[in-house]
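Colleague: Line by line, the protein sequences are chains A and B.
Here this note's numbering is used: the first residue of the first sequence is 3, the next is one more, and so on.
Here this note's numbering is used: the first residue of the second sequence is 1001, the next is one more, and so on.
Keep in mind that the hints were calculated from the coordinates and are not lab data.
Computed from a predicted structure; not experimentally measured.
Ideal Cβ positions, reconstructed from N, Cα and C, are used throughout, including at glycine.
Worth double-checking, as some hints may not be accurate.
Which chain A residues face chain B? A few, computed with CB under 7 Å, are given here [to be verified]: (1) 17; (2) 21; (3) 71; (4) 376; (5) 400.
DSS-like mimics (lysine-lysine), calculated; alpha carbons at most 27 Å apart, straight line [what the hints assert, rightly or not]: (6) 275/A <-> 21/A; (7) 1140/B <-> 21/A; (8) 380/A <-> 1140/B; (9) 1031/B <-> 380/A; (10) 78/A <-> 155/A; (11) 1031/B <-> 155/A; (12) 1140/B <-> 1199/B; (13) 201/A <-> 245/A; (14) 132/A <-> 30/A; (15) 155/A <-> 133/A.
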Amino acid sequence: MLEEYARFIDEGSLLELQKVAERLRGVKVLHVNSTKLGGGVAEILYRMVPLMNELGIETRWEVIKGDLDFFKVTKKIHNLLHLPGEEKLNHEDVITYMKYTYENVSYIDTDPFDVIFIHDPQPLGLIVKKKRGQKWIWRCHIDVSTPDEDTWKFLEMFVNGYDASIFHIPEFVREGVRIPAFVIPPSIDPLHDKNRELKEDYVHHVLNKFGIDPEKPIVLQVSRFDRLKDPIGVIEAYRIVRKRYECQLVLAGSFASDDPEGEEVYREVLEVKGDDPDVFVLNLPPNSHMEINALQRAATVVVQKSIREGFGLVVSEAMWKGKPVIGSNIGGIRRQIINGVTGYLINSIEGTAFRIKQLLADEKRREEMGRNAHERVKHSFLITRHLKDYLLLVSSLIDGG
Amino acid sequence: MTEFAFRSELWTAQYTGIKANTLASFARALKEVDDDTIYYHLYRNLFEYHFLPTDYGNSFAYWLAENGFSVLAEKFSALDLLECVCIADMRERMLDILRSDIDGIEKICKPFYFIRAVRRTIDLGIRARNLEEFREGVGKVGIHSLFYHLVTSRLYHGEPTNDFSRWLREIGEEEKAEEIDKLDLMAYSLYEVRNRILKILSES
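Based on the provided sequences and hints, a complete structural model is requested.
Modeller: Set out below in structure tokens:
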């Protein structure tokens, strides 16, 4: 598998990866998360684990057990950490979390491993199994900088039992994390259906399927139907652009059947779209990776006008396809886009419209920024870089005693 | 003849827990953080963004520019990393620049997060005993190896020359050493730098 990735990085980087891995021969690594299917964490582990094994580091991947009650609580914890609201973690929630944590303590054997990566809050409590000499790392994939205080207090006692933590960006680190906090951004997989190269015929087929004109410029935002992604703001920006430029707007995303707010936002977006035949609001099934890939490849300009964002890897996905991205000047988006070099960072609807117009008007600028964007992702946001960062961290923890 | 051992430098980024949201707290932090933190922010552009046409030379300058301190940003950006053989000196120079312009020192800015580079040097297992092997090695190693030998080595040795030139002088290739020493690493990507070095090494 490593061979397949070698074509995306230079020979020297591959050699560095192998040399770092050589020093870790004999080290046994375990990754634990809450699902084998769906979501960014599982997607990365699906490739990361075999790659680590191929590099000679014995690596396993385990998934915790839990029923609907448990996952309802962990979803609530996720929301309270990421976006605190009126809801609170109650006594019953804590009991449910602890009950399943102790069931998983018996179910998941962590003893044979030297290094244990625990992903996100769901399996966090497994730290009670830590044995002398082991290194436990909490890989946090969400923004916990402004959590619900009570929820954080509950989790903090587990967090500070780890040897190290990893966050996407320093802004996501909660004050009160007393263990070393490393900054390792997430990554995209160039071989995933979302990102792999596509034949032009297929791209055209997808455009035809949705009635999108391949000859007319396409402004695209890919995101689930969520107010935090500001789809209405994108339509408003498009309306400003349309006063002077012929173009189409594609809002592609999805909402889960159990997400009433998603459906509500989708309906709002349809209402605001009205009868404009150049606005396409596509509610796609959750695994429409190839279609999204095709839409990104067909886009003239990609927008990510989120109000709040985890990391927003969809930005890197578009950049990998050589597209300049106009993204909000927030969180992970501002870590991916270099303003004026790989795209533009914006702070308003008007700013979004202004940058869309600039890029629609200037093919040369689009191409140059698109090239820069691709290079940026190649160096900083591919899974091979992510893998190297994990190996370096493991290596420094082991050497550090 | 001494052997040249190709090495590479890799980093992991560790958040120090220190952030600054005014120029005053930025200056205080700059005095307090360790050398590897200063190093991370000074050299990150060269390490990670060398292949892109960026506006400023280092992360400190970017933050200053973003928060409206354009003169300070220019002055920070103009710090010549190739003249730097000691982080402590660079720290003093930056503090001097900040002392020279204290307008808006308490203005609330976007936070600057101080990150430490946890640095690791790895032996790539490639050796050169003559010019030909050296040229092959330069063509084969990654750009982080070039970064280590051309940039970091100045700090390790405390001398304004790089590893490549030092070794070339040892084998009597003074002219080539001189030419490599003169390369402006801040003006080219490390890929371009490699091509230029390969060209210098190929000249008879």
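Colleague: State for each hint whether it applies.
Modeller: Hints and how they fare:
1. 17: holds (6 Å)
2. 21: holds (5 Å)
3. 71: violated (35 Å)
4. 376: This interface hint is violated because 11 Å lies over the 7 Å limit.
5. 400: violated (12 Å)
6. 275/A <-> 21/A: Roughly 54 Å between the alpha carbons, so the hint for residue 275/A and residue 21/A is violated.
7. 1140/B <-> 21/A: Given that 27 Å is the threshold and the Cα spacing comes to 14 Å, the pair holds.
8. 380/A <-> 1140/B: Holds. Residue 380/A to residue 1140/B sits at ~19 Å (cutoff 27 Å).
9. 1031/B <-> 380/A: Violated. Residue 1031/B to residue 380/A sits at ~35 Å, over the 27 Å cutoff.
10. 78/A <-> 155/A: holds (15 Å)
11. 1031/B <-> 155/A: Not OK: residue 1031/B and residue 155/A at ~33 Å, beyond 27 Å, violated.
12. 1140/B <-> 1199/B: holds (14 Å)
13. 201/A <-> 245/A: violated (34 Å)
14. 132/A <-> 30/A: It holds: about 15 Å lies between the C-alpha atoms, which stays within 27 Å.
15. 155/A <-> 133/A: Within the cut-off at roughly 24 Å; holds.
The structure shown violates the earlier hints numbered 3, 4, 5, 6, 9, 11, 13.
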